[in-house]
Amino acid sequence: MTSMHPIEKKILLVLKEGETIAPDEIASASGLDLSSVMRGLDWLSAKGLVSISESVEEYISLGAEGVEYVESGLPERRVAELLKTSDYSTNELREKMAPALVGIAIGWLRKKEMADFKDGKLRLTEKGSQPTPDEELLIILKKGTVKRSEIDPVFQEWIKPLASRKNVIKVEEKISREIRLTEKGAGLLTNGITESDEIGQLTSEMLKNGDWAGRSFRRYDVESSVAAQLSAKSHPMTRMIEEIADIFVSMGFEEISGPIVESNFWNFDALFVPQDHPAREMQDTFYLEKPGKAELPSSKIVDSVSSVHGDGGETGSSGWGYKWDPHPASKTLLRTHTTSTTIRRLAEGRKPPIKVYSIGRVFRNERISYKHLPEFHQIEGIVAGDVSFKNLLAILKEFYGRMGFDKIRFRPAYFPYTEPSLEVEVYFEQKKSWIELGGAGIFRPEVTEPLGITYPVLAWGLGLERLAMLRLDLTDIRALYRSDIDWLRSLPL
Amino acid sequence: MPVIELSVKELNALIGEEIGVERLVSSITKMGADVESADEKTITVEFFPDRPDLLSVEGTARALRSFLRITPGLQTYSLNPATAEVTVDPSILPIRRYIECLVVKEVRLNEDLLKGLMEIQEDLHWALGRDRKKVAIGVHDSAKITPPYTYRAAAPEEIGFEPLGMPGQEMSLSRILEKHPKGVEYAGIISGFDKYPVILDSKGNVLSMPPIINGELTKLTVDTTDIFVEMTGTDARAVRYAMNILTAAFAEHKWTLSTVTVKYPDKNVITPNLKPIERRLSVDYTNRMLGLNLTPEEVKLCLEKTGYGAVKEGDGLRVSVPAYRSDILHDIDLVEDVAIGYGYDRFETELPALSTTGRRLPAESVVRKARRAMLGLGFTEVMTLMLTNEAVNNERMCTCDSAVKLQNPISIEHTIIRTHLLPSLLEVLYINRHRELPQRIFEAGDVLKLDPDVETGARSVWRLAGVVVHGKANFSEIKSIFNAVLRDLSIEGKIESFEHPSFIPGRCAQVVGVGYFGELHPQVLTNFGLEYPAVAFEITLK
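Chains Y and P are the protein sequences, given in the same order.
Numbering of the first sequence is given in this note's numbering, commencing with residue -13 and proceeding in unit increments.
Numbering of the second sequence is given in this note's numbering, commencing with residue 5 and proceeding in unit increments.
All the pointers check out, no bait thrown in.
Below are the SDA-like pairs computed for lysine to any residue, each with C-alpha atoms no more than 20 Å apart in a straight line:
{"#": "1", "chain 1": "P", "residue 1": "Lys373", "chain 2": "Y", "residue 2": "Leu479"}
{"#": "2", "chain 1": "Y", "residue 1": "Lys383", "chain 2": "P", "residue 2": "Tyr348"}
{"#": "3", "chain 1": "Y", "residue 1": "Lys219", "chain 2": "P", "residue 2": "Gly382"}
Please keep in mind that the hints were generated in silico from the structure rather than gathered at the bench.
Quick caveat: nothing in here was measured; it's all calculated off a predicted structure.
Chain Y extracted, bound-state conformation:
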């Protein structure tokens, strides 16, 4: 058997066979502090050497108001005293006593049948002139806290009404524990326990003077519980961002970032979103009062975007068939997607192949709920060069596979700036279901060609929060940004 801790030994030495004892009594008899006693008892009971029986006992004591009432009498008693001389109406009483007290007093006078109304005046009953049991109970409590079980049965039914009055009495539950030696414990005691020479805590002294040599070390119960220690941690979203960035970088992608305050132009116009598209409306997009205006890019780019919206320009598209207005294009907004960042990069006119990704915050005019936040993270990747739809599917398989989703499927979807477009669904093992986890497609020629790009550009994106909720098994998206410290520190890395 495991060797015993000194605390356990000290406790056992205090116990006597066939007797029960409370933990505080053990503490004073053994010289241990109460928390050590409790810990030691835990271990002993786990070893089956002692048995602990717990019982809940209610203790009753006077509250702040109660203390005062014992001195000055309950409100109803004070009124009863007045009524001894004459009957009074409520209004008359209000002149003699604090009106708030009159209300309370009348309620209880009637409940306790101490008085009744006659001709609009309050009249003392026979009962009313005698002290009531609750008053007597208060006087008993004046002496100090009393166990409920020790209160005379006559008063028991009066505890509840007194407790219903604010701060008159306090009823507190206390757990009392009785400790008894088990047969096994008694046997051990009979065999004799002494405080031995075993080493508990190894000390610096022992190491310096070699005291430890030749002595034995007390064996610890390695299964016993210890205090919880929570480590400082990075935020789970940061960890996911790092994981995803690692995947992109290992697949040969370069990270890019772009402005959060964007122009209508880069957020919508450059992506061939028509100027009357619903996504641009106030209820979907946060527009800015400050700063109100952004600079537009070179007139070469603006002109070609303008004509592609109108009649398709040189792209072979019919365009949207309206006259594009440059005025709203410089209006500022909070970017609604990070595609504005990737499209800016494409407009820089670099030579293919291009493989870039970005992870950043985006904003939508959404009311906060368990499902939606007005601000969230988008992860986006693009591949440009001699590539095709078939390659896009392969990259997505690879990317999601590395994120731990081995089963993936694609189905047609619609986004204003990609064609063909698709939705990615992954099989989420824990939930045993297919979950939509991002959109993808090839940028439309109306998007790429005005920027001078003549090769296909594959693009995909997913929402980080959605993924985080799946991984962390959250049903409320707000938990991610609430930053409950205990939650953050308890999550596994």
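Place chain P on chain Y using the hints.
Here is chain P on its own, set in the frame of chain Y:
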């Protein structure tokens, strides 16, 4: 996006074959739509906004007939030549110049069809009409009216009629705009003009006041057998597609359809025109974009499966695009339908052979280093929103930073973008006020500063901020933390006294150009509802 409920029974009746629910659902998904739910009776589908032609049981049935290869290829519908005429008066041209009309006979309606007809109008108003601005639709019982019709502008008090939903109450045009619910809702479209659009029959009966409301006179009932449809708008293309989509939907019921002659001041136009639009599609381009190696014949089959007519022509295909397909702007749109016809699930995938090197943003390495430093010091990372408000960002902090400000905030909580990180950290401390002390938290994130020299008027700045709260938090503690952070990040600089409104005077210091630290002012702590001393620092990461 528009969600519609499809009756399985109606769908099968229109398809002309009994198709099981499971097969219907899988086909609709493969065609490109989100099936939200399905049972034996009803399939609820969210179609994509670029396909208004699918937004009806008729349209879906037509697409399924092709996709299931029951009748693949172009679906043709015949129209009888026009007998009715509409005269477009010059007065209407500056207001709402385009109109297309259709006559339908031998109509058999029931409650379900009436409801479906309402829904498709609503969906077309939304998808193509941009809330009736570009297109407004009126469907009338034509037994009550007498052609020829006139489309013109009328003065606000010139004409009165009983608007739909208010029988017995003849109202002037201006009164309808003020009093009728639809008038109130859509007044904005025409209220800028001194005259309003009306369509009248030869006897002066008002059919409708586009884009606001029809007359009660021509209201449809289950007994209606003859229908007159008019669509008006400001965008010829949108009006045309909306009319073609509705016409094709009517045609699915095998009702008798006739065109209408629209007499503009300068020309006559026969509407609707269901003649397909011819495009030439290169097979090579298709294969290059998709990464496939399809023969022209295979491409043709894929196109026919998605409802197009296609014939081989040279090294490509001549494709007949149905007149109701408003989404075909470019060859790439046909390529997507080839991919859908082929089946997304049939693609063999292949990684591209592109040689590139990967790298993180240089800024990220500084931020990562900062995180490591803070974790090493026992700080837990938190993440907060960049959206905040003046009260939190400035008033409670006793600061007065100028911030990026929203024009249309959705709540008073979120009206600006943060200019520093400490306010959010103090909010986090408040949330955790009942948790065990001491608490050490940090955030590394960006804030926005207004900057007229930047193209978009604002600049992102990476910041790092940390805060410690417990009963004895004091200046020396935060100073030693601050020193440790600077050392870990290899930042050099001289610590000097600093007056910052968020900190206790005389207990705050800074390194110029880097950041500041100190004991937070009791007023600031109180403003955030905190009841223990807290010390904090915030620096800019470069």
